[in-house]
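Just so you know, the sequences run in chain order A and B. When we follow the numbering used here, the leftmost residue of the first sequence carries the number 1, and every step to the right adds one. When we follow the numbering used here, the leftmost residue of the second sequence carries the number 335, and every step to the right adds one.
No wet-lab data here; the hints were simulated from the structure. Nothing here was measured: the structure is a model prediction, and the numbers come from that model. C-beta atoms are modelled at their ideal positions from N, C-alpha and C, and glycine is treated no differently. Warning: the hint list may mix true and false statements.
The calculated label-pair distances, taken between Cβ atoms and stated as ranges, are [said to hold, decoys possible]: (1) B/Val557 with A/Lys19: 50 to 56 angstroms; (2) B/Arg775 with A/Ile239: 33 to 39 angstroms; (3) B/Leu451 with A/Glu15: 42 to 48 angstroms; (4) A/Val206 with B/Lys693: 33 to 39 angstroms; (5) B/Val569 with A/Lys326: 21 to 27 angstroms; (6) B/Gly426 with A/Glu15: 41 to 47 angstroms; (7) A/Phe315 with B/Leu555: 44 to 50 angstroms; (8) B/Leu451 with A/Lys326: 43 to 49 angstroms; (9) A/Asp190 with B/Leu765: 43 to 49 angstroms; (10) A/Lys19 with B/Leu765: 25 to 31 angstroms; (11) A/Tyr23 with B/Leu765: 52 to 58 angstroms; (12) A/Val206 with B/Ser675: 56 to 62 angstroms; (13) A/Ile213 with B/Thr449: 54 to 60 angstroms; (14) B/Lys568 with A/Ile294: 43 to 49 angstroms.
As a plain string of letters, each chain reads:
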Amino acid sequence: MSIFTVSGSPHVHGEENVKKIMYTVVFAMVPAMLVSIYFFGIDAVRVLLISVISSLFFEWVIQKYLLKGPVTINDGSAIVAGILLGFNVPANIPAWMIIMGSLVMIGVAKMSFGGLGNNPFNPALVGRVFMLISFPVQMTSWPVAKPLFAPQLTDAITGPTALGLLKEGVDAGKTIEQIVSDPQMPQYLDRLLGNMSGSLGEISAVALLLGGIFMVYRKVIDWQLPVSIILTVFAVAGIFHLIDPQHYIEPSFHIFSGGLMLGAIFMATDMVTSPMNMRGKIVYGIGVGLLTIIIRLWGAYPEGISFAILIMNAFTPLINNAFKPKRFGIALKK
Amino acid sequence: MNKLRTFTIGGVHPKENKLSEQSSITVLPLPKQLVIPLGQNLGAPPKPVVKKGDEVKTGQLLARAEAFISANIHSPASGKIAKIDEAMDASGYKRQAIIIDVTGDEWVEGIETSTSLNKEISLSKQEIISRIKECGLVGLGGATFPTHVKMMIPEGKIAEYLIINGVECEPYLTSDHRLMLEKGDEMLVGIQIMMKALGTEKAIIGIENNKPDAIAHLKKLAVNYNGISIQPLKVKYPQGGEKQLIKAVVNREVPSGKLPIEVGCVVSNVGTAFAVYEAVQKNKPLIERVVTVTGTSLSKPSNFLVRVGTPVSDLIAAAGGLPEDTGKLINGGPMMGKAVSSPDIPIVKGSSGILLIKKVESKRSTPQSCIRCSKCTVVCPMGLEPYLLAKLSKLSVYDKAEKERIMDCIECGSCQFTCPSSLPLLDFLRLGKQRVGHLIRTRK
Numbered sequence: 001m002s003i004f005t006v007s008g009s010p011h012v013h014g015e016e017n018v019k020k021i022m023y024t025v026v027f028a029m030v031p032a033m034l035v036s037i038y039f040f041g042i043d044a045v046r047v048l049l050i051s052v053i054s055s056l057f058f059e060w061v062i063q064k065y066l067l068k069g070p071v072t073i074n075d076g077s078a079i080v081a082g083i084l085l086g087f088n089v090p091a092n093i094p095a096w097m098i099i100m101g102s103l104v105m106i107g108v109a110k111m112s113f114g115g116l117g118n119n120p121f122n123p124a125l126v127g128r129v130f131m132l133i134s135f136p137v138q139m140t141s142w143p144v145a146k147p148l149f150a151p152q153l154t155d156a157i158t159g160p161t162a163l164g165l166l167k168e169g170v171d172a173g174k175t176i177e178q179i180v181s182d183p184q185m186p187q188y189l190d191r192l193l194g195n196m197s198g199s200l201g202e203i204s205a206v207a208l209l210l211g212g213i214f215m216v217y218r219k220v221i222d223w224q225l226p227v228s229i230i231l232t233v234f235a236v237a238g239i240f241h242l243i244d245p246q247h248y249i250e251p252s253f254h255i256f257s258g259g260l261m262l263g264a265i266f267m268a269t270d271m272v273t274s275p276m277n278m279r280g281k282i283v284y285g286i287g288v289g290l291l292t293i294i295i296r297l298w299g300a301y302p303e304g305i306s307f308a309i310l311i312m313n314a315f316t317p318l319i320n321n322a323f324k325p326k327r328f329g330i331a332l333k334k
Numbered sequence: 335m336n337k338l339r340t341f342t343i344g345g346v347h348p349k350e351n352k353l354s355e356q357s358s359i360t361v362l363p364l365p366k367q368l369v370i371p372l373g374q375n376l377g378a379p380p381k382p383v384v385k386k387g388d389e390v391k392t393g394q395l396l397a398r399a400e401a402f403i404s405a406n407i408h409s410p411a412s413g414k415i416a417k418i419d420e421a422m423d424a425s426g427y428k429r430q431a432i433i434i435d436v437t438g439d440e441w442v443e444g445i446e447t448s449t450s451l452n453k454e455i456s457l458s459k460q461e462i463i464s465r466i467k468e469c470g471l472v473g474l475g476g477a478t479f480p481t482h483v484k485m486m487i488p489e490g491k492i493a494e495y496l497i498i499n500g501v502e503c504e505p506y507l508t509s510d511h512r513l514m515l516e517k518g519d520e521m522l523v524g525i526q527i528m529m530k531a532l533g534t535e536k537a538i539i540g541i542e543n544n545k546p547d548a549i550a551h552l553k554k555l556a557v558n559y560n561g562i563s564i565q566p567l568k569v570k571y572p573q574g575g576e577k578q579l580i581k582a583v584v585n586r587e588v589p590s591g592k593l594p595i596e597v598g599c600v601v602s603n604v605g606t607a608f609a610v611y612e613a614v615q616k617n618k619p620l621i622e623r624v625v626t627v628t629g630t631s632l633s634k635p636s637n638f639l640v641r642v643g644t645p646v647s648d649l650i651a652a653a654g655g656l657p658e659d660t661g662k663l664i665n666g667g668p669m670m671g672k673a674v675s676s677p678d679i680p681i682v683k684g685s686s687g688i689l690l691i692k693k694v695e696s697k698r699s700t701p702q703s704c705i706r707c708s709k710c711t712v713v714c715p716m717g718l719e720p721y722l723l724a725k726l727s728k729l730s731v732y733d734k735a736e737k738e739r740i741m742d743c744i745e746c747g748s749c750q751f752t753c754p755s756s757l758p759l760l761d762f763l764r765l766g767k768q769r770v771g772h773l774i775r776t777r778k
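In isolation and in its complexed conformation, chain A is listed as follows (with noise of 0.2 angstroms):
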């Protein structure tokens, strides 16, 4: 008499799993990383590296010699977290710091609560938010764009970015006129294609958008969360600009500069930290959106969504709890 395997249905499976999803959303970062390559040049390559290096090490030592368990580090989520850290800082900063930046990213927002699936704050923002603290200075001056094959038509090493620009010019009364007539201010066509100063992953919308096409395609992020974020964004700039258009910037200025893209393609749709539901993703996506332009506009920082979604990740269990899917065969009740 044979014996066969017996265990409960289904007996077949689908073709998902953790480490191709992973490696999806590196495939989807690729356009952006070639851009930061062509602009910031091997300062770019650099950066990324030391930030997927130490960000494996850190998963590495932490999995095997502190937790003493099975090591996972090929899952993919560790080079996912590098690369985003990486990307969520300027092209010259100096290598030590992106490896305090790695160490509390997969340490202290990641492995302390449990490794992968169970970090309720997206622990590359985390790390970025440390060095933004930590090192004020070296994360907020920003190598100018060089194309790599152009000659070099500027003297200068660093300049502002645009938003940097604009809270500036705010800050010190200027018209909105004054503020983007400066020479400094990069053009329209510069924001889309990346050729600006930034963080290195978030100058190019183009390339973002392409990435962010590519995992809604592959069904690894629903485009709504993203989308909510920018419609919330550029509502209500919107209104501020139609209100006062001297003091309040058009709001596709917003939506192309700065970190807004990076953070609501990339950042905000993190599986781990957003929530589960698709109505619960819409109200999360209003949320980091009025929270990013509320802090844009208003607060000390010139940017502001790092803080917005790690605000909107600690209500991601309240937002699961409040916004349930459609159930089936119960009459939604208003």
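Once you've looked at the hints, dock chain B against the given chain A.
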């Protein structure tokens, strides 16, 4: 061509692997011995009316239904009762069964064995229902709910639609598909009989679009029958689930915890419709059914017409023999079927297929942490949150699991199929359902 319809919430698309769809139904010869478990229907098992040493004929009553939800069992062949004893069935447990030493195939008087088509429905509504009851019919889609009970509409309810399930959304299985192609007319007469019993004017056969030949064939035949239409459906699992099928075909949602009649529907499988035809027009009890025997390593994936009680090993032998690399034997389809430890179990009324899975595919992957990707929530056809229910069940938080509607789970397995972390979600959901079900019963 009608527009393709489907259900709206969730669903997955496993590889179809309909290996045996081209193989016509062939009659499997009688085995030397039949093992007929008493518990073949949902509800109480019937009581034996024969004893050891009795001579029986094909179609003779072996066990009578005494409880309200129960079904008669008849002898699938002629022979001698060897014993009434425990024997292992598809559940993996030893249960009471009648064991017959087969001597031949001599039928009881009054059963018509010719295959000529009889379209004339002469029995009255009451006679139809009692004939169905006499013949021991149960739902052949797998749930094995006694058919005569389903035909009795509760006071104050009206069956507006009879929905016939020709979806066969389980991968690999093709028995319903073949039956639709080869016994189309009989099935349609069976549907008309059920319509008469239910007092229903409209019947709709739901068929997934991966069976275009069956759709075309039945559409052509259906013009000769009043009130029967064919609804092609988009291929999506679990469309054969009763609630999903009603949603897909007539866009009505059966309320949580209620039966289809609540929204004016009765659902029955195509195999059951054929069995109704045979019972009512030919006075033939339910003693045989079509069973798919399939698997990627099997040399001849087939569809057999099999007498109840035939050992599964006979079917496998007839389909080319047990492949060396078989690691798992499944009674049913890959999504909802039950794995069994041995082929020495009998075919019963509810067996729709025997699936052999290769050794390399029969072990589950190692579970990883939940990455909260929410794919399980997206695919759940009942709009539940499997990740949450599995966790609540793991932590024994049953009151919360009940509030999160764990009892609505239809155990289709879409969540576990889709989980990138290979978590045993459905295992925990089943456990939770049992515990919560127990809590609900003790509360009353």
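Hint-by-hint comparison with the structure:
1. B/Val557 with A/Lys19: 50 to 56 angstroms: holds, 54 angstroms
2. B/Arg775 with A/Ile239: 33 to 39 angstroms: violated, 57 angstroms
3. B/Leu451 with A/Glu15: 42 to 48 angstroms: Distance hint for B/Leu451, A/Glu15 holds at roughly 46 angstroms.
4. A/Val206 with B/Lys693: 33 to 39 angstroms: violated, 49 angstroms
5. B/Val569 with A/Lys326: 21 to 27 angstroms: holds, 23 angstroms
6. B/Gly426 with A/Glu15: 41 to 47 angstroms: violated, 30 angstroms
7. A/Phe315 with B/Leu555: 44 to 50 angstroms: Distance hint for A/Phe315, B/Leu555 is violated at roughly 59 angstroms.
8. B/Leu451 with A/Lys326: 43 to 49 angstroms: Once the Cβ atoms are compared, 46 angstroms apart, the range 43 to 49 angstroms for A/Lys326 and B/Leu451 holds.
9. A/Asp190 with B/Leu765: 43 to 49 angstroms: violated, 58 angstroms
10. A/Lys19 with B/Leu765: 25 to 31 angstroms: Hint holds: Cβ distance 28 angstroms, inside 25 to 31 angstroms.
11. A/Tyr23 with B/Leu765: 52 to 58 angstroms: About 33 angstroms separates the Cβ atoms of A/Tyr23 and B/Leu765, which means 52 to 58 angstroms is violated.
12. A/Val206 with B/Ser675: 56 to 62 angstroms: With a Cβ separation near 58 angstroms, A/Val206 and B/Ser675 satisfy 56 to 62 angstroms, so the hint holds.
13. A/Ile213 with B/Thr449: 54 to 60 angstroms: Holds, since A/Ile213 and B/Thr449 (Cβ atoms, about 58 angstroms apart) stay within the stated range.
14. B/Lys568 with A/Ile294: 43 to 49 angstroms: holds, 45 angstroms
Checked against the numbered hints listed earlier, the structure breaks hints 2, 4, 6, 7, 9, 11; every other hint is satisfied.
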